[in-house]
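Based on the hints, put chains F, V and D in the right spot on chain G.
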Amino acid sequence: MQVHTLFFASYRELVGVPRLSVTLPGGSRARELVVELRARGAPFDRLPERPGLAVNEAWASLDTELGPGDEIAFIPPVAGG
Amino acid sequence: MQVHTLFFASYRELVGVPRLSVTLPGGSRARELVVELRARGAPFDRLPERPGLAVNEAWASLDTELGPGDEIAFIPPVAGG
Amino acid sequence: MAVWTHVGPEPIDPAGVLARVGSADDGAVVLFVGIVRNHAEGRSVSGMTYEAYTSMAASELAALASEAAERWQTDRIAVVHRTGALTLGEPSVAIALSTPHRAEGYEASRWIIEAIKERLPIWKHEHFVDGESRWVPGRTPPTPAAS
Amino acid sequence: MAVWTHVGPEPIDPAGVLARVGSADDGAVVLFVGIVRNHAEGRSVSGMTYEAYTSMAASELAALASEAAERWQTDRIAVVHRTGALTLGEPSVAIALSTPHRAEGYEASRWIIEAIKERLPIWKHEHFVDGESRWVPGRTPPTPAAS
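Chains as they are written, first to last, in the working numbering: chain G, 1 to 81; chain F, 1 to 81; chain V, 1 to 147; chain D, 1 to 147.
Among the hints, erroneous ones may be present.
Rough simulated footprint, nothing fancy, chain F against chain V, three-plus residues with beta-carbon under 8 angstroms [unchecked claim]:
| no. | region |
| --- | --- |
| 1 | 30-41 |
| 2 | 49-61 |
| 3 | 121-132 |
Facing chain V, according to a computed beta carbon distance under 7 angstroms, are these residues of chain D, among others [what the hints assert, rightly or not]:
| no. | residue |
| --- | --- |
| 4 | 33 |
| 5 | 38 |
| 6 | 88 |
Partial selection, computed: residues in chain D whose CB lies under 8 angstroms from chain G [said to hold, decoys possible]:
| no. | residue |
| --- | --- |
| 7 | 51 |
| 8 | 53 |
| 9 | 56 |
| 10 | 81 |
| 11 | 89 |
| 12 | 92 |
| 13 | 113 |
| 14 | 116 |
| 15 | 136 |
| 16 | 138 |
| 17 | 141 |
| 18 | 142 |
| 19 | 144 |
Honestly, the hints are just simulated from the structure, not real lab data. Source: prediction; values computed, not measured. Note that the Cβ used here is the ideal one computed from N, Cα and C, for glycine as well.
One chain only, chain G, in its complex shape (with noise of 0.2 angstroms):
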């Protein structure tokens, strides 16, 4: 299945790109798209093993439950206000 991943600020800059579609086998949660994306290496190595996510703009943690076509975004410490 596909998922479309989002980076935003020192993540985006850490990896170099804003979002990037991800194939992942099906029932994958979402500590298989980190570890896959980990495992390619520069720049996407630089990611954290436990960053804070938002699955279809839902909170969601590594053992949130991915279907096709989710948005997933990785989301450093936030800082609003």
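Only chains F, V and D this time, still in chain G's reference frame:
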């Protein structure tokens, strides 16, 4: 000596006048003024024995010494805001 | 910039009070506005008349704003208290201030409104829809420390 | 009346946000405005760029304002968070609300600004006068409760 009294809000309504000049012996304290007024009978005996007081626009007590021409305000419980 | 305070019968424009504060040194602005509401203790209110010992209220308000300025280290403070007959929804008091950080801004704002209620020689005459009215119960005014 | 929230690049007019709240039932209005200040940790700041995951920030802001509305029993809440490049002194966030009594107004206002800092996917890029810049250190974003 002569002093000038002011009555506000419910105290003004109690005594029926907003201000009054009073003659007191030199060296009187606020306590003597209150006693003198209450001794006049109705409506001044409706004033409390220990009213809130200000002398020349500064918070005062029954012990505050008065001087000629002082302005003494009788201050009911305050409710600004 | 300097602390600004006023007591008088002119209608209060909260945006105008707000415009008196703010500085490039500050990260937070807090505005409090007290307004005449349509009910009190379950009764319908039609309006409120504020009586003041205006000259003393003005000097007390200036004094307490200066105390706040010193305590929270900001001179970006503007406070106004209205007097006279107010209708429902009209502002009776507005407090604007700006500070470097938000915690002190909320603290200072809250301190000022509480001090106003404790220390200003002002009284509220509350008018009810049923035609009755009363002096709103207040707080014992301060007395000076024994000398 | 209803809770109003917005996240976007339009300049914030605090008086306009203020005008969205207030009701004849309310005795207190509290407005908080966060502004870009000229210093941070002893360094001179020249400006701040706010990056946001705008669609999610908008829904999180709406959700937290609704939480506040329920908790403090008022739907007179207006909150806006700006995005993009801001100059010194410009508002980045404004929170206006009105409540029957002042204690709940201050409480709700403070709760909302703290929740914004904890839960909105927004990041600040701070520009210093010396030409350097950095991402302002933030807070670990929330994770959902284990299901």
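- Task: List, from low to high, the hint numbers that the structure doesn't satisfy.
- Result: 1, 11
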